[in-house]
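Q: Work from the hints to combine the two standalone chains into their complex.
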Amino acid sequence: MTGTERIVAGLEAAGVTLSASVPDTWIGKLMAAVRASKTIRAVDVAREEEAVAVACGANLAGGRGAVLIQNAGLLNCGGILAGLVELYRIPCFFIVSFRGDGRDPIYYHAPKGRVTEATLGAWRLPYALLDRAGDIQGQVRRGVESAAESRGPFVLLISGEDLA
Amino acid sequence: MTGRKLFLDALVAALAPDDVVVSCLGANSRWLPHMNVAVPVFALCDSMSAAVPLALGIALSRPDRHVIALEGDGSLLMSPNVLATVAAARPGNLTVALWVNGHYESSGGQYLPAAPVDWVALRPSFANLHPVALNIKAPHPNAGKLFIDFMLSQKGQEVVRALKRIPDRIDTPPDPPNLIQGVTPAFTAPEVYDDFDRYIKLFQEIFGTR
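Chains as they are written, first to last, in the numbering used here: chain E, 1 to 164; chain F, 1001 to 1210.
What the hints contain is simulated information worked out from the structure, not anything from laboratory work.
One or more hints might be untrue.
Once the Cα atoms are required to be at most 20 angstroms apart in a straight line, the calculated SDA-like pairs of lysine to any residue come out as [what the hints assert, rightly or not]: (1) E:K38 to F:R1062; (2) E:K38 to F:R1090; (3) F:K1145 to F:P1091; (4) F:K1164 to F:K1201; (5) E:K38 to E:T17; (6) F:K1005 to F:V1037; (7) E:K38 to F:P1063; (8) F:K1155 to F:K1137; (9) E:K38 to F:P1091; (10) F:K1201 to F:A1189; (11) E:K29 to E:G121; (12) F:K1137 to F:F1207.
Keep in mind the model is a prediction, meaning the values are calculated, not measured.
Isolated chain F (complex conformation) (with noise of 0.2 angstroms):
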């Protein structure tokens, strides 16, 4: 059994029944059709290079599904350019995971051209904003302070968890809590607030919501 089949046992059982696999050609491919995967997958035999931006276009089409494509090292060299084609549309539903073993598996282990190419994942990251703030007109101020101090509080966010949202303290975990597993809390500087609207703004602009 080799390291890749593993890979391949492992991610089959983390598979969640909304997901679906499009695999690049060659060696993914050689396995995935014979195992037992509960989701559609789409095993590409030729077309290097496809996988990533054919799992696009699912991802885009079927927003209600989550798509994970299966890469090579050797096929993303081949067109790395898709990277920022797939920033650009901003999928939310698209993972990628690649292979990296310097070599092209599925023809025979050649070498990819030996220029030292590193892949580096970027940390995964994860916006919230839920901005709570004191109305300075309010007719019962006092009032306000202590509804915002209990929205703070453990038990306010216990409330926020139960309306389905994922709560901003990291003692109240999300239901599931796996959804924000292997996330960094980072947590915004006050100073932020005095500008609001700008960081609003550039939110909007990065992630393209409105």
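Extracted from the complex, chain E is given alone in its bound form (with noise of 0.2 angstroms):
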């Protein structure tokens, strides 16, 4: 299996039902094997705070949710998270590709991956790193998990390495 099968593979044993995008070249390869899903609704958005509240209305709706958007994308979603996330502590499980890491090969997004891990702390948002050399599936499934049990956000930064 690839990761990016893995990943879905997690998704779909995670009991996640609908999974909202704004496709990045990473995220777009993702998004297009959540197409292939019998049981996840892949949701094209035009924003990613549409995303976030789509997501959240599958979650308060007895689905279960996730958005699969880039770091930048990520970047605009303070307010939502705040004001939306957070203040009705609604689960919201974020896949995210960490675009501009070291392992990114594109110079243009290195400003973001400088902020990303730093945005992350000051918003108090919970986050993990895939580790593709582990149980990718396992991580998925915990994330998506942690995110319900605390009734709140959580977020996995994943490498264009990782789809592999």
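A: Encoded structure:
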């Protein structure tokens, strides 16, 4: 199985029913696999804040929503994280492509890479970096469950090489 | 009593048991928690522009419920992109009611940016395809023609209605009649049937059916 397939299997195993996304190159590959899932409804949105609200709506309605976006999009989401996810304590699981860290070959992502973990810390968002050598499916499942149990956000950062 | 409260009273009175209401921040959310509403209400007090996508997530997850999003023009102007998202998701069970007053009412009534932005509601449309045809090799073609005549008659359409379908004749209202209330019927040109497969494909592309 590829990393992409393991991630989607993890989402399925965790009972995710809806996945809302704005793609980048990496998230686009992941969403292509999500579209093939029989149990997850893929929802294309125009901005990342919408993805958060759509996933929260799924969670309020008894489903399980996930948000698949780039870190640039996560940086857009400060307001809705505070005003919707945290305020109403709605579970919200994120898979975020960690552009601009040491593993990203494209120079122009670097500024986002520099502020991503600092922003996650400032916003007090629980997060983890996907360990591709470990049990990918399990890490995804635990992330979804962590969001559900804590009734709040959880962010799993992934890199392009994790999808191979 | 403000005009807003009058509208909310009318909305609440018209709610059906399977409705769900999601309200934008501010003015509506100040009223709704104090009203006696018999259906689930999620009245956002913050999160400007989240009402419509939140309602979309609920609508997609609960196709058995009808979700009504109440949104303001200031909120929607902040993220009009959500309209494209909703159009792409094609929820058949989401209604958006938009308040247009040109003000950020909940923050003190400041004006929206003064560009002449307007919001236009599309006329409700309703697609009802019930093709009927006579097989070219039908053993009893005249009996078939008589049957088609019957199916197209008022009496025949009453049979269709009894089968819980929306009849195709305007003199045969559906049950309940409000299923097509406010909808202007549009009739297909007979030439459409010369290239029926193409139109079926187009219909499926536009409405996302299979």
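Q: Take the hints in turn and mark each one as holding or not.
A: Results for each hint:
{"no.": "1", "hint": "E:K38 to F:R1062", "result": "17 angstroms, holds"}
{"no.": "2", "hint": "E:K38 to F:R1090", "result": "19 angstroms, holds"}
{"no.": "3", "hint": "F:K1145 to F:P1091", "result": "39 angstroms, violated"}
{"no.": "4", "hint": "F:K1164 to F:K1201", "result": "25 angstroms, violated"}
{"no.": "5", "hint": "E:K38 to E:T17", "result": "10 angstroms, holds"}
{"no.": "6", "hint": "F:K1005 to F:V1037", "result": "13 angstroms, holds"}
{"no.": "7", "hint": "E:K38 to F:P1063", "result": "17 angstroms, holds"}
{"no.": "8", "hint": "F:K1155 to F:K1137", "result": "27 angstroms, violated"}
{"no.": "9", "hint": "E:K38 to F:P1091", "result": "19 angstroms, holds"}
{"no.": "10", "hint": "F:K1201 to F:A1189", "result": "17 angstroms, holds"}
{"no.": "11", "hint": "E:K29 to E:G121", "result": "28 angstroms, violated"}
{"no.": "12", "hint": "F:K1137 to F:F1207", "result": "33 angstroms, violated"}
Violated hints for the displayed structure, listed by number in ascending order: 3, 4, 8, 11 and 12.
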